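> These protein sequence lines map, in sequence, to chains A and B. First residue of the first sequence: 0, per numbering that gives the first Met the number 0; consecutive thereafter. First residue of the second sequence: 0, per numbering that gives the first Met the number 0; consecutive thereafter.
Just so you know, not all the hints are guaranteed correct.
To be verified - Below, computed lysine-lysine pairings styled on DSS-like, alpha-carbon distance capped at 30 Å: (1) B:Lys831 <-> B:Lys700; (2) B:Lys831 <-> B:Lys663; (3) B:Lys869 <-> B:Lys663; (4) B:Lys831 <-> A:Lys74; (5) B:Lys869 <-> A:Lys12; (6) B:Lys663 <-> A:Lys14; (7) B:Lys663 <-> B:Lys746; (8) A:Lys12 <-> A:Lys74; (9) B:Lys663 <-> B:Lys700.
Unchecked claim - Partial pick of chain A residues on the chain B-facing surface, computed with a CB cut under 7 Å: (10) Glu17; (11) Leu20; (12) Ser42; (13) Val57; (14) Gly60.
Everything labelled a hint here was simulated from the structure, so no lab data went into it. Keep in mind it's a predicted model, so treat the numbers as computed, not measured. Where a beta carbon is used, it is the ideal one built from N, C-alpha and C, also for glycine.
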Amino acid sequence: MTNPDLASDATRKRKLREGALLLPIFGAFLLVSPLITVFTGASSVFGLPLIFIYIFGVWLGLVLIARAMARRLDKG
Amino acid sequence: MLSLNTLIAASLGYALLLFTIAFWAERRAKAGRIGWLRSPFVYTLSISVYCTGWTFYGAVGSAARNGFEFVTIYLGPTLVFIGWWWLLRKLLRVGRAQRITSIADLISSRYGKSNTLAVLVTLLAVIGSTPYIALQLQSITLSFSVFEGGGNANLTAFWVAAGLAVFTILFGTRNVDANERHHGVVTAIAIEAVVKLVALLSVGVFVVWGIADGPADIFAKAPPDMLRGDSIFSARWVSLTMLSAMAIITLPRMFQVIVVENANERHLATASWAFPGYLLLMSLFVLPIAIAGNALMPAGANPDLYVLSLPLSQGQENLALFAFLGGFSSATSMVIIAAIALSTMVSNHIIMPLWLRFSPPRTETSGDVRTILLRSRRLSIAGILLLGYLYFRLTGGSGALASIGLIAFAGMAQIIPSLLGGLFWRGATRTGALLGLLSGFALWAYTLFLPSFEGGFILSQSAIENGPFGLAYLIPNALFGLTGYDPLVHSLFWSMTLNVTLFILGSLLSTPRPLERIQASQFVDVFRLDKATGSYLVSRSATSEDLFTLAQRILGADPAQRLFTEMARQQGKAHGLPDATDGLVQTLERELAGSVGAASAHAMVSQIAGGGTVSVDELMKIADETAQILEYSQQLENQSHRLENAMQELRAANAQLTEMGAQKDAFLSQVSHELRTPMTSIRSFSEILRESDNLELPDAKRFLGIIQEESVRLTRLLDEILDLSHLEGGRGQLPLEPIVLQEVIEKSLNATGALLDEAGIVVVNTVPEAPVIVMANFDRLAQVLINLISNTVKYGRRENPELTIGVTRSDGMATLTMADNGPGIAAADRKKVFEKFTRLSESTLAGSAGLGLPISREIMRNLQGDLTLKPSRIGAVFEVRIPLA
């Protein structure tokens, strides 16, 4: 008999691993695709150029997500 | 102004500090107190050797010229690190399992321990890294020049190179085993990583809040088109990101810190986010510094040196000195690690194989390999730094240096197809890797590396501009007429296209050698081969003395002693040398690989083992033997399994027989007991009748009545016993016919109606009206139901007694339940009710010998159904299962 907890745990781990594969792809989509040109306009946020906020914001987001995922992946 | 002497004193003091720290860490590690020296954060900081002097100063310069483009150099590694689970983790695992010492060793090991590949990668690493080392020397001399006096650039470069050589030799070649990590060096690098980060952040904070009035003020000073236009997202943007992503894995120094110096695979989990975080901090203030520099510095100032000249121009001498030390840290850490990595490659893949070839054939008759290995590594370090210095002298100050960092990236990136293919594609072969690497490197050299000398090396100026011999389609920067692209993008496009194509075609069209095939699965399936026994090696003619001598020479006397004692212990020998088994040879080869690289270790051990190289025949022989042994042992295992099963069955049968014997005994004693009771009363009453002469008629009649009653009971008991033995013996299958279950129930209720009325039991009939047709024997089924109902009458006594009868269908069976609301049956008694002559409690009524339920169950089993007692909270619930017709 399969333990339902074990089964859902395995599913969770598989999803986590797949997420780990998708994160760099997602990052590349945000930072190395034509999408980035949307943010190169003249507008600014609090005096900072929008592109500056965008690139460093995405970057920081990636670091934080990677941190959360690394902790879980490391445990599993 | 700061004087040159202060500067030199500060540099020397800082260098001395690093020496002390390295020395202290080395001592600590030797004493076994590694502790935080090997924490995940030290590992992360050591990876920051990626940020060299070129990035420390050059990033600001690049930002001043090209705006946001500098950030791509950090984004590539960020993407690789957040995807660590899929690539870096595998690389680390392979590196550990195969005891890989360098990127060249990795490629060679994957493709059948090919030394040709190792030499090729080593040469290219040296070609790519020499200008890079020169670039670091230049960045240090340039930073000196910002301060007053500046000194003699060549002299500064020379002393820096010499100092670095001493440091690297001292702490980088303490032991020959590259897998025994360089604790001193790594600790010093980690300190330098902190210094350069804090230095850059300090300058950034000073520029943004000291010179300007916060970030908004800074960006207001930026030229309007600085952050717009083509610099963001272009072919170059994509290429640079890809290039830096590839470089973080393939650059010799990066491979050294990420894979070779890694102490614990789990540290990677921390580095996966902490290193991108470090890069983010490193680049956060680059743009503001560049903007402020452009706005405040005189027109001719070198943007590459804004980090130093900006604080100096504001009179912040201490900050400038700190920034100088940051740059110094960046440059020196790169040179140290690169020198260690390159010297390992050069000595393992070039010097050692040559020495092996020209030394006498048997290793034990020649000199001490260990000494030679250390000496060759030290010489290599000195040689590499000398090369860097010479390169700096020859091209000193030329603009070519500025872009040499990216050129080196592009060169080392050529390894990527063979590396990724080797890790994930089983079909990748040595031929494919060789073709891909050669073509990729050739095109890179032709389209990017040689033109960077601006006519000074091999390609003349006119050949670069108009193509060799005036052939326009061969112009290095516009190959086959592909014009209008950035030279880097152009070169990357052609070299990578050809590299990947030839790698795949070559792999598909060639047949891998057996050793390659073995290594391929060791790499590709590294996570599946947790305790893989490693590669095959023929060791028939090797003696353990020979192998021990070899190990002593390379590993040193003590480690060899330890290794062989351990192996002997594993083989179950209390003392003496272990047997020269395949296992020993493999372990030894791996240990040696940690010192001299896989290819050399393989060559050495093979030489001793007598085979020279592993031939296909020998490999096949080993494979055959292994297969035979496996099959044989599997057969043995199967047989013992079967025996064990038979034993178990026998034991079970025996237990069953014993139990049945006991049951039989119990049955017999019960039967005689049950028969005795009526017999006793018949005997005593008939004795009274015979011996008493003055017996009144009514009394006599009563006694005769008892005798008759007892005889009937006796007859019934005997009938029941006969019936049971008949049923149990399985003799006489009961005839089956389709019958309507409701009719059987009806009949049983009618037969027991008087009994039920007498006991005052109310029958609740929930049987559905639609006829349920079952395969059974009408009379026998009725017998079972009557038995159950009378059972209820006997045991189900209480106030307002009720008997509920229900029928359900499932899985081709009809289930009839009969539930009363009486006292029920205690859990402990549930199994006993079906045993013969069991009476559950003292309140049992006379009239039954306790055979009713066992008989009923036998009947039901005979009818291919069953009778069970269901656990319930109220009353007893019997379940009769009958197959549907």
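> Indicate, hint by hint, whether the structure satisfies it.
Hints, one by one, checked against the model:
1. With a C-alpha separation of about 40 Å, the suggested pairing of Lys831 (chain B) with Lys700 (chain B) is violated against the 30 Å cut-off.
2. Using a Cα cut-off of 30 Å, the hinted pair Lys831 (chain B) and Lys663 (chain B) holds, with the two alpha carbons roughly 15 Å apart.
3. Distance hint between Lys869 (chain B) and Lys663 (chain B) is fulfilled; the C-alpha atoms sit about 27 Å from each other, no more than 30 Å.
4. For the hint linking Lys831 (chain B) to Lys74 (chain A), the alpha-carbon distance of about 52 Å lies beyond 30 Å, and the restraint is violated.
5. The straight-line distance between the Cα atoms of Lys869 (chain B) and Lys12 (chain A) is roughly 42 Å, outside the 30 Å bound, and the hint therefore fails.
6. At roughly 61 Å between alpha-carbon atoms, Lys663 (chain B) and Lys14 (chain A) are farther apart than 30 Å, so this suggested pair is violated.
7. A C-alpha spacing of about 35 Å is found between Lys663 (chain B) and Lys746 (chain B), which places the hinted pair above 30 Å, so the restraint is violated.
8. Taking the CA atoms of Lys12 (chain A) and Lys74 (chain A), the gap is about 10 Å. The hint holds against a cut of 30 Å.
9. Distance hint between Lys663 (chain B) and Lys700 (chain B) is unfulfilled; the C-alpha atoms sit about 39 Å from each other, more than 30 Å.
10. Violation of the interface hint for Glu17 (chain A) is found here, the shortest Cβ-Cβ separation to chain B being roughly 10 Å, above the 7 Å cut-off.
11. The beta carbon of Leu20 (chain A) comes within 5 Å of a beta carbon in chain B, closer than 7 Å, and the hint placing it at the interface holds.
12. Taking 7 Å as the C-beta cut-off, the interface hint given for Ser42 (chain A) is violated, the closest approach to chain B being about 11 Å.
13. At its closest, the beta carbon of Val57 (chain A) sits 10 Å from a beta carbon of chain B; the interface hint therefore is violated under the 7 Å criterion.
14. Below 7 Å, beta-carbon pairs count as interface contacts, and Gly60 (chain A) has none with chain B, the closest being about 11 Å; its hint is therefore violated.
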